[in-house]
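Peer 1: First to last, the sequence lines map onto chains A and B. Take 1 as the starting number for the first sequence in our numbering and just add one per residue. Take 1 as the starting number for the second sequence in our numbering and just add one per residue.
Please keep in mind that the hints were generated in silico from the structure rather than gathered at the bench. One or more hints might be untrue.
[Said to hold, decoys possible] With a cut-off of at most 25 Å between alpha-carbon atoms, the simulated SDA-like pairs for lysine to any residue come out as follows:
{"hint": "1", "chain 1": "A", "residue 1": "K183", "chain 2": "B", "residue 2": "A6"}
{"hint": "2", "chain 1": "B", "residue 1": "K40", "chain 2": "A", "residue 2": "F121"}
{"hint": "3", "chain 1": "A", "residue 1": "K6", "chain 2": "A", "residue 2": "L142"}
{"hint": "4", "chain 1": "A", "residue 1": "K183", "chain 2": "A", "residue 2": "A220"}
{"hint": "5", "chain 1": "A", "residue 1": "K124", "chain 2": "B", "residue 2": "V27"}
{"hint": "6", "chain 1": "A", "residue 1": "K38", "chain 2": "B", "residue 2": "A6"}
{"hint": "7", "chain 1": "A", "residue 1": "K124", "chain 2": "B", "residue 2": "L79"}
{"hint": "8", "chain 1": "B", "residue 1": "K40", "chain 2": "A", "residue 2": "M179"}
{"hint": "9", "chain 1": "B", "residue 1": "K40", "chain 2": "A", "residue 2": "V125"}
{"hint": "10", "chain 1": "B", "residue 1": "K40", "chain 2": "A", "residue 2": "L192"}
{"hint": "11", "chain 1": "A", "residue 1": "K38", "chain 2": "A", "residue 2": "I64"}
{"hint": "12", "chain 1": "A", "residue 1": "K124", "chain 2": "A", "residue 2": "L224"}
{"hint": "13", "chain 1": "A", "residue 1": "K38", "chain 2": "A", "residue 2": "P206"}
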Amino acid sequence: MNNNTKLQDFLGGMRAISPLIAAVIPIGLVFGAVAATKGLSPAEAGLMSALVFAGGSQFVAMDIWTHPASWTGVGFAALLVNIRHVLMSASLGTRMGGFRQPARYLSMLFLADEIWAMAEFRAKVARLTPAWFAGLVAPFYLAWVFSGLAGAALGAFLGDPVVLGLDFTFPAVFIVLVMGFWKGAETGAVLLASGVAAVATQHFVPGVWYIAAGAVAGLAAATLTGKSQDVEVTP
Amino acid sequence: MTVDLATLVAILAMAAATVLTRLSGLVLIRHVSLEGSRRKAIESIPPAVLMAVVAPTAFATGIAETLACAVTAFAALRLPMLVSVALGVASVAILRALGL
Chain A
1 MNNNTKLQDF LGGMRAISPL IAAVIPIGLV FGAVAATKGL SPAEAGLMSA LVFAGGSQFV
61 AMDIWTHPAS WTGVGFAALL VNIRHVLMSA SLGTRMGGFR QPARYLSMLF LADEIWAMAE
121 FRAKVARLTP AWFAGLVAPF YLAWVFSGLA GAALGAFLGD PVVLGLDFTF PAVFIVLVMG
181 FWKGAETGAV LLASGVAAVA TQHFVPGVWY IAAGAVAGLA AATLTGKSQD VEVTP
Chain B
1 MTVDLATLVA ILAMAAATVL TRLSGLVLIR HVSLEGSRRK AIESIPPAVL MAVVAPTAFA
61 TGIAETLACA VTAFAALRLP MLVSVALGVA SVAILRALGL
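Isolated chain B, as found in the complex (with noise of 0.2 Å):
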């Protein structure tokens, strides 16, 4: 169990690194008055980071990939959250098992 001294400073940069981002918006907001069109603008963030965060999953990496995001998507419509994860997970594994 121990801890190299150029590992800790590699883990160390990268948690100020994340710091900065997860504190920044906050005092963004601060400074930045949001009404109208900005807080539309804001409202529209929770969806356009998820959708970057998959897209190259849902749409460039294979078609296993592909139709197991929109089986997730589809029982998503109806089913619980744990549910349609699991049927994702398992669509995408016999999916690559059939060597799609």
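Just chain A, same shape as in the assembly (with noise of 0.2 Å):
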């Protein structure tokens, strides 16, 4: 691959990615103000952001958080929100063909839910090139970080995001994008297995264990759905 047609796939991500970071300035803004209102500093809140990079742990983090900082409680509510990304990336890491092996490793460190959404996507319709993900994760990145920071700088200034709506962008950004993976029946009763055990499981276990207990509920739909129908070959 010469260096135009990278520049063209880099160009491409930046494109497929700017209506997500529209909608995550808002979000990073928010998770900035809070961590103020916990006494984070804006250079702690920024330096979560861009070491963790995951959004609804460091949510979820601000929502426990203790003053000393207590690691072991922040660490392991981060491992249990996060714990589809281990299915994320094994799913991901199927479409990567055109990356070295570095190159995989690498690229999963940015492993935020849009980008991922966005990669799949991508490789739904394309072969993802490094280039390609490198768009999607160079702005998306910096714009996370630097609105972390903006929003723990400003605090209190900002309005109150539940009354303008905003906390809604997330919830929306994935329903649009649960609407594109529709491929029929199946998909829907894999959507179906998942929302029913996300909700039961939201009702009656404290905590974030509903995030995996869907993905796992989804997984098993999809299994046997596909028993069912047994061997269909597809390419």
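Reassemble the complex: the two chains are provided individually, in unrelated frames, and hints are given to aid placement.
Peer 2: Written out as structure tokens, the structure reads:
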């Protein structure tokens, strides 16, 4: 691949992620503002966004934050919230034929939900290339880190995100992506199993086990429906 | 602009946990062959994970959220992502203002 195609791919990735950047900036600002109310300095909030780079677990950490910080508490919570990344990375790993081994590991360090979803989406229609993936990561990573920093610095000046409906951005993006993965009745079974398991688990089990429960239930549904139809060979 | 030591350690613990989850899937598929039904199961991961994350918001938070999720899903059938998301956010703000 020559440099020109690489640049084209990089710009293509940037174009694909741009709506999600518009969506993630308010979330980053809210994260920073929440972190400030918990006593984190802008530097600490920015450092967390830069090193953890996983919104869900950062919000959960803010929920259970103590002074002084408990590394076992937030570390375990991050593990639990992000356990879905094991499945996501296994899934996306099968789409990385165009990546060399070190590039695969490096890319996976940036496996935020939005980046992963856009990459999976891309892999359905074209070959996923490292340059295209980098085009997703670079602007999204910078937007997340700097919006978190800005949110922590501005703090109380920001309005109530719940009144503005901005807390809804993240679920709305996910719903749009779910609709894009629809492939027929089989997908319906996966969604139903995952949704029911997640709601039930969230109702009865405190914490964030519901994400893992829903993901595993959806996976089980896919395995079962796949078995009943048996050998349908896909190239 | 100070960084407290306990906070730094907590952030590093979170980062380590996250990196572990992100790399282990990749390690896993190097050691497990992925053919036939396993392949199918892997392909179901994206919708299963996405649904698990949004389900409590969509079905168990409130009428405003449920309706706004429906608006977003319906819009996504025809409209580009950014427009669908904006419609969803606007609906949830309006519905909450109405007290739903």
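Peer 1: Are any of the numbered hints broken by this structure? If so, which, sorted upward?
Peer 2: 1
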